[in-house]
Amino acid sequence: MINEAFSVPRRQSVMGIALIFFNSVYKFLRGFWVLGAYLILQTPTGITLFYVLLGIIVLAAVALGYSILYYRNFLFHIDYQKEEFVLQKGVISTQNITIPFDKIQQVYFKRSILERIINTYRVVIDTAGSKEDEVSITAITKEDADLLASILTRVKQEKTALEPEEKEVPPTRLWTHKLNVLTLFKIGISTNYLRGLGLVAAFFATIYNEFYRFFQDDYGEEFGEYYDMIPSASATVGFFIALFFFLLFVSIVITILEVFIKYYGLTLTQTSENLELEMGLKTNTKVALQPRRVQLVQTITNPVQKYFNLYETRIALASSEDIIGKKKIKIPGLGREEVLKVKDFLYGEQQPDLQGKFKSHMLILFRRFFISLTPVVISYLILLWQPYLELYIYYTLVIVYLVIAIIYQILKYRSLKLVITSNFLKKYQGVWNKSEEQVEIFKMQALTVKQPLWYKKRGLYNLEFHTAGGDISFKAVNNKIFPWLNYILYKIESSSKRWM
Amino acid sequence: MASLMENFSNDPIDINLLPKFEDVDYTGISGNYLIKSNIQTGIFLIFVLIAWGVFWYYDAGIQNLQLAAGIIILFFAFRFWNNYKMQANYGYALRDKDLLYRRGFIVNTVTVIPFNRIQHVSVSRDFFDKILNISSLQIFTAGGGGSDVNIPGLEPTLAVNLKEALSKKLSHND
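Taken in order, these protein sequences are the chains called A and B. The C-terminal residue of the first sequence carries number 500 in my numbering, and the numbering is unbroken. The C-terminal residue of the second sequence carries number 1174 in my numbering, and the numbering is unbroken.
Hints may be right or wrong, so weigh each one.
Covered stretches of chain A, as calculated for chain B (at least 3 residues, CB under 8 Å) [stated by the list, open to error]:
id, region
1, 5-13
2, 183-191
3, 438-447
30 Å max Cα-Cα, derived DSSO-like pairs, lysine-lysine [unchecked claim]:
id, chain 1, residue 1, chain 2, residue 2
4, A, Lys82, B, Lys1085
5, A, Lys328, A, Lys341
6, B, Lys1130, A, Lys475
7, A, Lys110, A, Lys359
8, B, Lys1097, A, Lys480
9, B, Lys1097, A, Lys456
10, A, Lys456, A, Lys328
11, A, Lys427, B, Lys1130
12, A, Lys457, B, Lys1130
13, A, Lys359, A, Lys286
It is worth saying that the hints were derived from the structure and are not from the lab. A virtual CB, placed ideally from N, CA and C, is assigned to each residue, including glycine.
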């Protein structure tokens, strides 16, 4: 190592004191702005004014003392031997943070207005964790910031360069899949309309609101006359049925339009390196999917779409540019063959040799029954308080609801399944929309096993499999799964492959 | 996928012979952490009592006050008891290739973090930690909130040593 700058613990620039001071004062003012507003509105008398001033002076002194201490305690350095960046900070609570070189995702500058004014820089070190985990070194001079950033970027590259990089092969096109207009139309009519219905409802609510506000003053009376003209109950039912079909029709149209806008011209091309995806009418999205970055793959279909041979694939990526978990790519309208091709590309050959299948305990089914009962109980209590329905109608509705709810819950329970093979973990669920989530075992980040007190007697556990693209959870399984969890840990720990 | 195949071997594995995470012995945390949790619950109790006192001063009705007092007593009895129970369940264990952290009484939770998935490690001490001479160790992964752990109530030197040890493992494993 030629350049050993920052190897000795050092502080921020002295201007840092000012930055911390103003920041803490600002935070305080934001908390107590009400007080300020009060003082302005209510011209204080001499004695209150004195106390207020005294308070402000004391506060300023405390803030200044805090800032100086914070500055004194803020120490950072680079440990070249251990290959890590070390930061210590804090006055009342102290923190000691270590970031190994090879975990650094990126290093960048950030400046607030205040930082521009006092001419200091903030260097942010990003790791693959969530947003709160990033580490920033505030208030350092431009030279230091540049130097620090360049050193960190360099050591990070040196560290990662050691790892075998995949060879650059000129990309050759292997296959292309295009969505035609007919398929888009099929996707549109077989997608969940609830979203479309929601959009319509929101639209009409807004219109109604505006309309109402506009007419309220001038035409209120006239409006009331029309309201009186609305005919008897039977006609109202007819009207609502007509309205329902109209809304359904509009929802379908809107859903189809949305599908067209989002996915028009969807093209999936596989080269030897990447899967390239292009789609969208209004904004053209273009993504290259590298197998290494793929964390979680979900395939969803429903009976209608299955009939049309349409599967939606959702892929969660980890990438250093985006915060992990945020980036999920939806590819609708792939046929079964395309889904298999995509998976083959992402995962290589899948060998189903080792297999463990797990189901949740019946307990969760019973719990779901009880949860389904809640609306019944609530509506019954309301009925007791305010009889809004004839009892026999109410009972019929309750029975119909319960039959549907129980059948639905049973189907939902039966669809729930966890499968562990030698390289994959798969979770199946869904009654109408059937989903299959799949993650490569070695890409998992951690496992969590939870046991609530009320599971102890039955020896049941809730599991969470953490990946960089989100968690997969599975509830109420017994300890027969433990050898498989050990297998998963073995897979993660014995793997030296890069997971992103 | 040449690189995939290079690393790929397919020897039969008896999954029942793999090291068992469920049989690991955990090391407990410092008893001072129980003091800290009780102090924190105590401070909360004081605030609640002050609020109750205010209502009492303004004569909020004897029945309401009694009911509130009952709820407060039950709630805080539970909190202190829970602190005590939780203390017994805090524990961590280091294996050759991963770290296990156990916590929780009502929901007993074990998180296993393989060393080669740790992003970074930090040690922090708040005001009470300084008085009671304990530290906590934070371990961050890319799995997000669910898999990040915070082990409280460690002796300060132990926390630093653990941090150093983990950092060393991180660079070795990659």
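To see whether the hints hold, each was checked on the structure:
1. 5-13: Since 0 is below three, the answer is violated.
2. 183-191: Coverage by chain B is violated here, the residue count being 0 at a Cβ distance below 8 Å.
3. 438-447: It holds, with 4 qualifying residues against the three required.
4. Lys82/A x Lys1085/B: 39 Å, violated
5. Lys328/A x Lys341/A: Distance of about 19 Å is within 30 Å: holds.
6. Lys1130/B x Lys475/A: Since the Cα atoms of lysine 1130/B and lysine 475/A sit roughly 39 Å apart, the hinted pair is violated (cutoff 30 Å).
7. Lys110/A x Lys359/A: It is violated: about 49 Å lies between the C-alpha atoms, which goes past 30 Å.
8. Lys1097/B x Lys480/A: Holds, at about 23 Å.
9. Lys1097/B x Lys456/A: The hint holds at about 28 Å.
10. Lys456/A x Lys328/A: Not OK: lysine 456/A and lysine 328/A at ~37 Å, beyond 30 Å, violated.
11. Lys427/A x Lys1130/B: Violated - the C-alpha atoms of lysine 1130/B and lysine 427/A are around 45 Å apart, more than 30 Å.
12. Lys457/A x Lys1130/B: 40 Å, violated
13. Lys359/A x Lys286/A: At roughly 39 Å apart (the allowed maximum being 30 Å), lysine 286/A and lysine 359/A break the hint.
In summary, the structure is inconsistent with hints 1, 2, 4, 6, 7, 10, 11, 12, 13 from the numbered list given earlier, while agreeing with the others.
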